[in-house]
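Note that the protein sequences, when read in sequence, are chains F and Y.
With our numbering, letter number 84 in the first sequence gets 84, and the count goes up by one each step, no holes.
With our numbering, letter number 121 in the second sequence gets 121, and the count goes up by one each step, no holes.
It cannot be assumed that every hint is accurate.
As the list claims (entries may be wrong) - Label pairs and their in silico Cβ distance ranges:
| hint | chain 1 | residue 1 | chain 2 | residue 2 | range |
| --- | --- | --- | --- | --- | --- |
| 1 | F | F103 | Y | A24 | 21 to 27 Å |
| 2 | F | T20 | Y | I22 | 48 to 54 Å |
| 3 | Y | Q218 | F | L169 | 47 to 53 Å |
| 4 | F | W212 | Y | V229 | 39 to 45 Å |
| 5 | F | V203 | Y | R19 | 28 to 34 Å |
Said to hold, decoys possible - Examples of chain F residues toward chain Y, derived with CB under 8 Å:
| hint | residue |
| --- | --- |
| 6 | R59 |
| 7 | G191 |
| 8 | G195 |
| 9 | I245 |
| 10 | A246 |
| 11 | R251 |
| 12 | T273 |
| 13 | C289 |
| 14 | V290 |
| 15 | T298 |
| 16 | L301 |
| 17 | I340 |
| 18 | A344 |
Claimed, not checked - Covered stretches of chain F (in silico footprint by chain Y; criterion: 3 or more residues with CB under 8 Å from a CB of chain Y, positions within the stretch not fixed):
| hint | stretch |
| --- | --- |
| 19 | 160–169 |
| 20 | 307–319 |
I should point out that these hints are in silico values taken from the structure, not numbers from a laboratory.
Note that beta-carbon positions come from the ideal geometry of N, C-alpha and C, so glycine has one too.
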Amino acid sequence: MEERLPSRKRPMRIDRRIATHFDWSLFALAMILALVGILTIYSATRDSIQEGSGILALRQLYWLVIAVGAMVVSFMVDYHRMNHLAYHFYAGVLFLLFLIPLFGLVSGGSQRWLYLGYFSLQPSELGKLAIVLVLARNLQFDEPTGGYCLKNLWLSFLLATPIFSLILLQPDLGTAIVIFIVFFSVVLIAGLHSGSFLRLAAVGIVLLPVGWQFLKAYQKKRIWTFLNPDLDPLGAGYHVIQSKIAIGSGRLLGKGYLEGTQNRLDFLPAQHTDFIFSVFAEEWGFVGCVILLGLYLTLILLSLRVVRRARDRFGALLAFGMTAILFWQATISVAMVTGILPVAGIPLPFLSYGGSSLVVTMVAVGVLINVSMRRFTF
Amino acid sequence: MLPLTSKKEIDEQFRRRLRLLISAVSIVFLLLVGRLWVLQVLQGERFTYLSENNRIRLRKVPGIRGAVFDRRGRLLIHSPPSFDLLLMPEDAEEPEVTLRRLALLLGRDEKELLGALAKNKFRPPFEEIILSKAIDWRSVVAVETHQMDLPGVSLRVRPKRSYPDKGMNAHLLGYLGEIGPAQLKALRERGYGLGDEIGQFGLEKMLEKHLRGKNGGQQVEVNAIGRQVRVLHQVRDVPGHSAYLTIDRELQKTAYQALDGKEGAIIVLEVNSGAILALVSTPTFDPNVFARGITLEEWQTILRDEMHPLQNRAIQGQYPPGSIFKIVLAIAALEESEIEPETRLFCNGSLVVGNRVFRDWKKGGHGWVDFHKGIVESCDVYFYQLGQRLGVDRIANYARMLGLGVKTGIALEGEMSGLIPDTRWKKKRFGQRWFPGETPSVAIGQGYVSVTPLQMATLMAAVANGGTLYRPWFVRRVESADGSLIQEYGPEKIRSVPFKKGTLGHLRRALRDVVNGARGTGRKARSDLVEIAGKTGTAQVVQMRGKIIKSEQLPYSIRDHAWFVAYAPSERPEIAVVVLVEHGGHGGSGAAPLAKKVIERYFSLKGNQVALSDGRETSEQEEAHAN
């Protein structure tokens, strides 16, 4: 990551005043959630047939150390430097995404990972950060009266398209959707002209059936079974039904930590990644879920406060982009495993197993802290 | 390139949008909480049930069905282990290759084995496929020794019902079958499940609740791929109770061999208790076929068989009794004082009633006939006349009193009652009065009269024991697997007929001379071993008007049925025997020799038995005498 490279010209200097404004609550929330994640991953993979007991939880702990390191870097570096490095970062991510079809690991029918000796990297995760950086950089100036028109946004669209397309082609529908939604969230908050908004919506509706044609058969099947999961209870609808059984059987107080039978006996698919929330819900029940969602909500609301208090528009957009990444991933992931939305494989920030996802999540929090503590500097 | 850092502050519009957003975010989270409330609190119970169902499988451990023994503890039915050939495709790298190898090894058609795999294509994972049930011992050894070459193939031990004597006592013992959908519906509460075997016929059905073992089970926790993780609960299986019968396997065997190649029935009763010593019906079937799972084809063959092997002729066959019915007439006439034993009636070879001529079986007739001669020589004309004096209703009364025309109440399904006609029956059945010309036929056991061999056996036992009708029975005791008594059965009186003094004496002297007299019709049953008393019967299947043709010259299906009813010894009788041979011709030649064989066997067994006797038997007989 470019931010990690120390610059000789401007050595990192932390102003005392900046340190006093360090946002401990954001930091603490992130750490609590990440630890809950490791505990849940441990429960989810303890009796795993493929992996040894506890190995994945330990691996996630290593990743957490790396992720916290990345977070520290991302709040130490003055975020204004990110403005300068936005395109470099973007180019780097695009490069990595291009490498994937050439060298990427194929797993589960898609090609998402780059194998880097000791670990594998998921560049699509970095794609989320790249999109936010590029948008913040492009939209940091005064909003045109009445909002941005399409003609003001052509560069942003142009830059977002290759990232979005490459990820969609992997295929990683979940991440592509997140990028799509984050992109429009940032554009909307930056101010979009109402006419342009209507035009975009119309184009979207027209393109929907076209997009349907591009979906893989299994993705179409997922959407159909989402609409009626009982259609194929042992096939495509199996995941959602099993997930709902896991969550529902947790009832008010849960089955207790490490006691989730749905999870322990492998009825849950991708239990430590996309369905981690189901594991948590089965073991901690409704009360645990409300507390967990409360933590997420607090994190989002604190993040929005950071956005509101940001010293400048660039910082606000940057912070808002990070907030959008966290918010959309958390809510969509929970909505999917509870059967509100069709399943498309979106990790739950902090909780889902996966190094790249954890690093990106912690970096997002780091950037938020960054913007927060520099709100009084001039 | 756009200018770099603008350090432009955010404006009021931006802030307003943010404030809106805070409410939107909160609403989204509220929605999620609502969704969780629905799943976890409102529907939590249902999902808990589903999750339990998900992970818990029930594995049945069959309780072994009780064994059945004869009166001297010889095995009649048991449930030895048998081996089913199973395949777990998940354990075989290439199931097809394994199956081809297996087919080669066992000398089986590989299509058959591959077919079993194809048929179970959509089975749940980690569920074994049954390739073949109850394989032979050679195959068991072959599979065991080649285990290493047959990944995924295994053997499962399962008790299999076995009837060592095959068809010999099939009608008595019955058979098992897989529980049907209707039965299952009715019996599910009693712990029956799909695929369970249940007694469908004979003793197996009647003693179902005793013989049946209680299935045990294991509640097994499985993971999503069906692998057993651990046993949660276990219910021990309980073996079924054993039954001890009154049947004597050796005597049964003799009776079975006597009927070899014939259609008919033989019954041996203890006269003083009504206990059945032997009961055979032929042709028969092999109940083992049902135990290993009868194929549709085999079932159809049995059903289509013109000889009806499933029919238990001893209790279901209704035959005209012919001359053995004369015993009823003889008793009725003496009891009603229509004749004295010395009363002589003349037989010139036929009797004319109205415009019909009733012939005697003996051309030229028997001359002057008294009670004794009438029975010994089975003079038809003598009994035509007794019939006319008694009238059909009085004949019917005595017949019923002696147990004819009603079921004996033996504890087997499907017993028939036979038919004893009278005026009321005629009116009801045909709306006609009884014509006097119909009575002579009834008097010699023809016409509408029909009886079952078992009814005749109880009647003969009553004649032998002084007038007591016992309900025929054949289960002595039921014991649990550890030997404790569950239920004991004994003789049950239907009624004692209050005969006048002398009636039975006259009758029994006559019956003795049927076999032992110089002119008796049953001379072929005469034994040097024991004095036998009896009566022959030749039941016409088709009325031969005016003609007398030798039965052997008729086509098989219209040949006469041969009867012989007997008891022995003639003084202080112990057993009553009934032999019926369908289309066996004359009772004296077609049935009497069979009865002799069985009776002689009984007494030779009894001689040997002195050494074998277990004490229980003697006490039972004494008890029976006391009754």
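Restraint outcome when C289/F is required to lie within 8 Å of chain Y by C-beta distance:
holds (5 Å)
Restraint satisfaction for L301/F [CB to CB of chain Y, less than 8 Å]
Check passed: Cβ of L301/F comes within 7 Å of chain Y, closer than 8 Å.
With a cut-off of 8 Å, does the beta carbon of T273/F approach a beta carbon of chain Y closely enough for the hint to hold?
violated (16 Å)
Outcome, coverage hint (the stretch 160–169 of chain F, chain Y; C-beta under 8 Å; three residues):
violated (count 0)
Should the hint that I245/F touches chain Y count as held when the rule is a Cβ pair under 8 Å?
holds (5 Å)
Would the hint on V290/F be counted as holding, given a Cβ-Cβ threshold of 8 Å to chain Y?
At 6 Å from the nearest chain Y Cβ, V290/F passes the 8 Å test, so the hint holds.
Minimum Cβ distance from R251/F to chain Y below 8 Å?
This interface hint holds because 4 Å falls under the 8 Å limit.
Does 47 to 53 Å hold as the CB distance between Q218/Y and L169/F, or does it fail?
Between Q218/Y and L169/F, where Cβ atoms are some 50 Å apart, the hint holds.
Is it true that the C-beta distance of V203/F to R19/Y lies inside 28 to 34 Å, as the hint says?
holds (29 Å)
Interface hint check: G195/F, Cβ to nearest Cβ on chain Y, cutoff 8 Å. Holds or violated?
violated (17 Å)
Hint status (Cβ of A246/F to nearest Cβ of chain Y, threshold 8 Å):
holds (7 Å)
Would you settle whether the hint for R59/F is holds or violated, based on the nearest Cβ-Cβ distance to chain Y being less than 8 Å?
violated (23 Å)
Violated hints, listed in ascending order, are 1, 2, 6, 8, 12, 15, 18 and 19; each of the other numbered hints is respected by the structure.
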